[in-house]
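Chains as they are written, first to last, in the working numbering: chain G, 2 to 361; chain U, 5 to 285; chain A, 1112 to 1543.
Rather than coming from a laboratory, the hints here were simulated on the basis of the structure. One should not assume that every hint holds.
[Said to hold, decoys possible] Distance condition first, Cα-Cα at most 25 Å in a straight line; then the derived BS3-like pairs of lysine-lysine:
id	chain 1	residue 1	chain 2	residue 2
1	U	Lys153	G	Lys324
2	G	Lys217	U	Lys178
3	G	Lys324	A	Lys1460
4	A	Lys1226	U	Lys211
5	A	Lys1449	A	Lys1460
6	G	Lys50	U	Lys237
7	A	Lys1250	G	Lys246
8	G	Lys293	U	Lys275
9	A	Lys1250	A	Lys1449
10	U	Lys229	G	Lys293
11	U	Lys282	G	Lys351
12	U	Lys153	G	Lys229
13	U	Lys211	G	Lys359
14	U	Lys237	G	Lys293
15	U	Lys275	G	Lys351
16	U	Lys153	G	Lys217
17	U	Lys229	G	Lys138
18	G	Lys246	A	Lys1386
19	U	Lys53	G	Lys229
20	A	Lys1386	A	Lys1136
21	G	Lys351	U	Lys237
22	G	Lys246	U	Lys282
23	G	Lys247	U	Lys178
[Stated by the list, open to error] Covered by chain G, according to a simulated footprint, are these stretches of chain U (three or more residues, beta-carbon under 8 Å):
id	segment
24	51-63
25	108-119
26	137-148
27	205-214
A virtual CB, placed ideally from N, CA and C, is assigned to each residue, including glycine.
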Amino acid sequence: MNEQARKPARKKVELDPRFVSYRHVWVFIESERGEVHPVSWELLGEGRKLADALNVDLCGVVIAGPGERGKGICAEAFGYGADKCYLLQDPVLADYRNEPYTKALTDLVNTYQPEILMLGASTLGRDLAGSVATTLKTGLVADCTELLIDTESRNLAATRPTFGGSLLCTILTQRHRPQMATVRPRVMAMPDADPSRRGEIVEVPFAMLETSIITKVLEYIPDDSRDKPNLPFADIIVAGGRGLKKPENFALVWDLARVLGAEVGGSRPVVQAGWIELDRQVGQSGKTVRPKLYIAAGISGAIQHRVGMDGADVIVAINSDPKAPIFDFAHYGIVGNAMTVLPALTEAFKAHLAQARKAG
Amino acid sequence: MHSVVCIKQVPDSAQIRVHPVTNTIMRQGVPAIINPYDLFALEEALRLKDRFGGTVTVVTMGPPMAEAALRKCLSYGADDAILVSDRSFAGSDTLVTSYALTATLRKIMESMPVDLIFTGKQTIDGDTAQVGPGIAKRLDYQLLTYVSKIVDVDLEHREIRVERRAEGGVQLLKTTLPCLITMLEGTNEMRFGDLDDLFRAARYELKVWDRTVIGIEDPETVGVKGSPTVVSKVFAPRPRSQRAEIIDLQDDSPKNLASTLLARMFTQHPKLEREIAKRAR
Amino acid sequence: MAEKFDVIVVGAGMAGNAAAYTLAKGGLNVLQIERGETPGSKNVQGAILYADAIEKIIPDFRDEAPLERHLIEQRVWVLDDSSYIGTHYRSEAFNQEPYNRYTIIRAHFDQWFNKKAREAGALTICETTVSELLLDGKKVIGVRTDRKGGEIYADAVILADGVNSRLAVKAGFHAEIQPRDVALAVKEIHFLPQETIEARFNIGEEEGVVIEMAGKISAGMMGTGFLYTNKESITLGVGCMLSDFKQQKVTPYALLDRMKSHPSIAPLIAGSEMKEYAAHLIPEGGYNAIPQVWGDGWLIAGDAGQFVNGIHREGSNLAMTTGMLAAQTLVELKQAGKPFTAGNLAKYKRKLDDSFVMKDLKKYRRMPDIFHKNKQFFTTYPELLSKAAQTLIRVDGVDKKTKEKSIKQSFVAARSRLGLIGDAFRFWRAVE
Ligand SMILES: Cc1cc2nc3c(=O)[nH]c(=O)nc-3n(C[C@H](O)[C@H](O)[C@H](O)COP(=O)(O)OP(=O)(O)OC[C@H]3O[C@@H](n4cnc5c(N)ncnc54)[C@H](O)[C@@H]3O)c2cc1C
Ligand SMILES: Cc1cc2nc3c(=O)[nH]c(=O)nc-3n(C[C@H](O)[C@H](O)[C@H](O)COP(=O)(O)OP(=O)(O)OC[C@H]3O[C@@H](n4cnc5c(N)ncnc54)[C@H](O)[C@@H]3O)c2cc1C
Ligand SMILES: Nc1ncnc2c1ncn2[C@@H]1O[C@H](COP(=O)(O)O)[C@@H](O)[C@H]1O
């Protein structure tokens, strides 16, 4: 990280005079009903590095309804690295709606002029980022996987996948400020929180009348979270692909997952075939995951799958084809039939855990 | 009821390969398809037409070959198709794309008012999900992203109610027409047009509009020149320096393979072993 | 729906496009129906294009058709399990314009060809399958499709629907095709950077190579293998008679896999990325298998009429030519104000007989039978040839005369003197 920041610049670049007033790195802290989306903390971790490279402050923007724990969220943000938080609380901001949120964030940007503004690439973040960037007529780079600073030009070099992950490209917003970027959940590492860190809260009034807002939220139906898989935050994932051949064989994946207390995931073909739910799809059009252990059985390792899971600490691949691309990036590979290897692994882990239990 | 659906022709990214040396896209043999997410938008617009009557117009900004994508939309049942094509558009980013599409939409509105604009959730080549919101903001339309269901439309009172996929739940939203909807995938299934549609699509005289038709005078405001974002570098993902350590004891039983794996993995990753052991308690 | 056309062409392959183009140019109102998503979408792989046939239809095709490479070298290999013996023929004459043979990617070529037909005035609809012919007595009056509102009328229908044409069989115009008359070919397309291909085959930017393969590659079945160089890819495949696959219980895919791992072939495709796998039937019955190809209001062209020269691996040129001739027949009749009755359409048969199509097919009419009955061409000979070559080439102190003698003996031992003479005679008779 930040290699570029440390490199001495070859040529002295004058900062565009229009940009001089634009300073500091901002992260939009996404919260709904007082619940902060973890991607915001991941972004603060990343934002801290950028702010340090630029030698500026890292600021959070918290937008919430009046009854919600806005200050509490700010305090948490300081723990994750923010120096300052702008807090907007108003009844019209209680539920996420594009119109008031876009106005709130654009007004704030126009007033305080950050040089970088980052949002999570969640459904909320993408809705808001696209609207804000267009209103500000500035560039926006979606789904970044790496963010670097050129300290001379103060440009943000944002790297993101294109063509379904087959290629990466680095994008600059040289002639506009702020430079905007979104990042998908779990792409950046979760920073450690330091609860003793303090910062400044700037409360900003927001004046918009409910009667002037056209779109109304009639109802919010929260998802039933009890049975909903939470792959992005699972520590261990056992995933299966088309190599399992039949839906019945997927039981072998569940068996191993049960023993390990793991989540179950899969590649797109098995999701499309209906063997597992959409929420369990890992990859470009599914979830990005970052487990400590990812076991992939009968998955070829196509790029669209890989981009969702290659941040895992340890990847174990079981595939009958020694030439399968998954062996190019897995840490451990077993060339063999998943239908016999999976049960054997289940037994081996069972035995290991039984031993640990005795010892522990 | 007049709906306009913005669609894009994209290379089938499942079939894209990268030249191992030059890192360029090898396009040979890669078919161009309609961005799959846009078909959900088109089908939803067609369903509204089934219910309320009216017109569905499809629009794309792209090279001349994008004509094929538009004809396909016509064969599904769209009434009109417009190809916005101009050399100066090459290299446009999402901000400029939404600018040109907005100019196109304004031009369309000169001859027929628009009630609803549809886009897909995102494209599979750019993958940004930015163009839809961009158009809505420029037109000052209400923006409804990730719509999973159109609950009802009240044409008399110019109101629409939709379900929108939000983080952790579903919002039931009410807003007024005209507005812009980005449609979530998996919400419907594209129909199979009948013979009449096919004949009409094959015979349809496509409208091709260039920059001046949609009223963009200055070529510097579009294409690479007009785009705030600049691609500075394209490269292939770095392969991990090491291939997987293959646990492959010839003719060994799965049982031995499994225990060998555990032994090696836990020696090299003691933290992982502790993590798993924690689960035993 | 009461649309009526002069002619409906079923299929947008080589034969169908040639027919639709010729009809439209001739001023007829023509509808072309293709079941694939786009013309050629079902014909995704690479192939060889022989210039003469297309040249007769679109003389300046070279200026705009999507062509991959023109062929400058032909290799013929006979393989056993670990080696090949063969000839390589490369000539600067092949590098003189106008070129004679090209590799093409069918998906691209067919789309271009169809575009020409549409520009000429044909109407093409895709993703629509003709489910049956509409008959009035014995006369074809139109087609029924799988789309809603799916009946369309025409004065004549050209069936250019490819090898497993069901329509004519369903209408009772001819019997089912026999497994012994069709080969099953499996093909893969392997992507490689252009420079890699050019280095591996020692060719320049637009130059190409074909390798025709025979021998143990077909696992003792009647069949051959092939490899073509495209711009950024290599097409390779193997085809064997369907009847043989049935008998020997070998899967086509296993056969192709074996071929790819052959030590002479593996290095040519090493490091490539396989993109497409396709299986397709090729009519190989030859002259004797050609059914009745005309009748009251109908004509058959291309693979649907079994117009393929299996020995020379020619098909698309015959398809284009028959499509063109069928169309010309209709155009001429229309211009003369004559109806499309069976009697009038017999003119198509005369045109076929006068063309290279029937002349070539007639010449090789005995070939399929000989190969069916004499499997040694695919089993014993390749190994003998390879052994012979090794014996001759290896320097091991044995004098050449003794070597030649032992080679001769090995042939005789394997086939008997009479068998060898018989094989030679049969082969000569077949091509004479
Ligand atoms: C726009 C776009 C987005 C996409 N998004 C995603 C995404 O989010 N997630 C995703 O996963 N994919 C995605 N894909 C699809 C992706 O390109 C691949 O098609 C997919 O990942 C392949 O899944 P697979 O590995 O399960 O199946 P396959 O590619 O069919 O691989 C199956 C593997 O199993 C092995 N195998 C077979 N039998 C056995 C056995 N008995 N034991 C062990 N191994 C065996 C085979 O060797 C093979 O490697 C996307 C594609 C596109 C175009
Ligand atoms: C592996 C292989 C290699 C070959 N290599 C060569 C070569 O190198 N050179 C060469 O000259 N020839 C080659 N051939 C032969 C050549 O491909 C064929 O002879 C030629 O394509 C025949 O053209 P066609 O138009 O008759 O049929 P096709 O090209 O098969 O076209 C028939 C079309 O009709 C459509 N269709 C079928 N049924 C219906 C229906 N009911 N309704 C609507 N549409 C329908 C199909 O989708 C298809 O597009 C090869 C064939 C194979 C299989
Ligand atoms: N060039 C274009 N022409 C028409 N519509 C487009 C174009 N680019 C994007 N869109 C629409 O905007 C949506 C989002 O695209 P993107 O922001 O590229 O992910 C797509 O699903 C399309 O509906």
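Do the hints match the structure? See the list:
1. U:Lys153 x G:Lys324: violated (43 Å)
2. G:Lys217 x U:Lys178: holds (5 Å)
3. G:Lys324 x A:Lys1460: violated (53 Å)
4. A:Lys1226 x U:Lys211: Holds, at roughly 19 Å.
5. A:Lys1449 x A:Lys1460: holds (17 Å)
6. G:Lys50 x U:Lys237: The given pair, whose Cα atoms are some 22 Å apart, holds under the 25 Å limit.
7. A:Lys1250 x G:Lys246: violated (49 Å)
8. G:Lys293 x U:Lys275: holds (9 Å)
9. A:Lys1250 x A:Lys1449: Distance ~15 Å between Lys1250 (chain A) and Lys1449 (chain A) Cα, so the pair holds.
10. U:Lys229 x G:Lys293: violated (45 Å)
11. U:Lys282 x G:Lys351: holds (13 Å)
12. U:Lys153 x G:Lys229: holds (21 Å)
13. U:Lys211 x G:Lys359: It is violated: about 76 Å lies between the C-alpha atoms, which goes past 25 Å.
14. U:Lys237 x G:Lys293: It is violated: about 32 Å lies between the C-alpha atoms, which goes past 25 Å.
15. U:Lys275 x G:Lys351: Roughly 18 Å between the alpha carbons, so the hint for Lys275 (chain U) and Lys351 (chain G) holds.
16. U:Lys153 x G:Lys217: holds (16 Å)
17. U:Lys229 x G:Lys138: holds (14 Å)
18. G:Lys246 x A:Lys1386: Holds, at about 21 Å.
19. U:Lys53 x G:Lys229: Violated, at roughly 36 Å.
20. A:Lys1386 x A:Lys1136: Outside the cut-off at roughly 37 Å; violated.
21. G:Lys351 x U:Lys237: violated (48 Å)
22. G:Lys246 x U:Lys282: Roughly 33 Å between the alpha carbons, so the hint for Lys246 (chain G) and Lys282 (chain U) is violated.
23. G:Lys247 x U:Lys178: Measuring from Cα to Cα gives roughly 44 Å; hence the hint is violated.
24. 51-63: Coverage by chain G is violated for the segment 51-63 of chain U (0 residues, Cβ < 8 Å).
25. 108-119: violated (count 0)
26. 137-148: It holds: at least three residues are needed, and the segment 137-148 of chain U offers 8 whose Cβ sits within less than 8 Å of chain G.
27. 205-214: violated (count 0)
Comparing the model with each earlier hint shows violations of hints 1, 3, 7, 10, 13, 14, 19, 20, 21, 22, 23, 24, 25, 27; every other hint is respected.
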